[in-house]
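Modelling step: build the complete structure from the supplied sequences, incorporating the hints.
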Amino acid sequence: MSARGKARRRALDILFEAELRSEDPLKILAERVERQEPPVNEYTSTLVEGVTRHLARIDELITTYSEGWTLERMPAVDRNLLRGGTYELLWMPDVPEGVVISEWVHLAGELSTDESPQFVNGLLARFKQLKPSLTL
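Here the numbering used here = 1-based position in the sequence shown + 1461.
Nothing false has been slipped in among the hints.
The calculated DSS-like cross-link candidates involving lysine-lysine, where the alpha carbons are at most 30 Å apart (straight line), are: (1) K1589 <-> K1467; (2) K1467 <-> K1592; (3) K1467 <-> K1488.
No lab work stands behind these hints: they were computed from the structure.
As structure tokens, this is what we get:
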């Protein structure tokens, strides 16, 4: 797994943990940075901070474009995969869109249900297609 792939997975871990504990992801991130076990990559921090900063808009987009699923009904892992992938896809123009989608779909395949990779791929691909028209 690439350094950015590991950073994405670590960001997902932090976002997921924060949601399960009903805590601010930035607090969990700060704890991990301080503890340094394992060390927190700068890219992990960028992802967690970005998702946190844009969470309302990200959740609005996921809710609007996910067909047949409300945000609350999605598995927590999928919800946070989509949050990370949506942030990276829409707010980080220096990262190739195909790489972003592929990496988050790969994580869905490793960590969630059998249907999750297809769901994550479909929604992120839709955001890629709509990106020029989305108001961020």
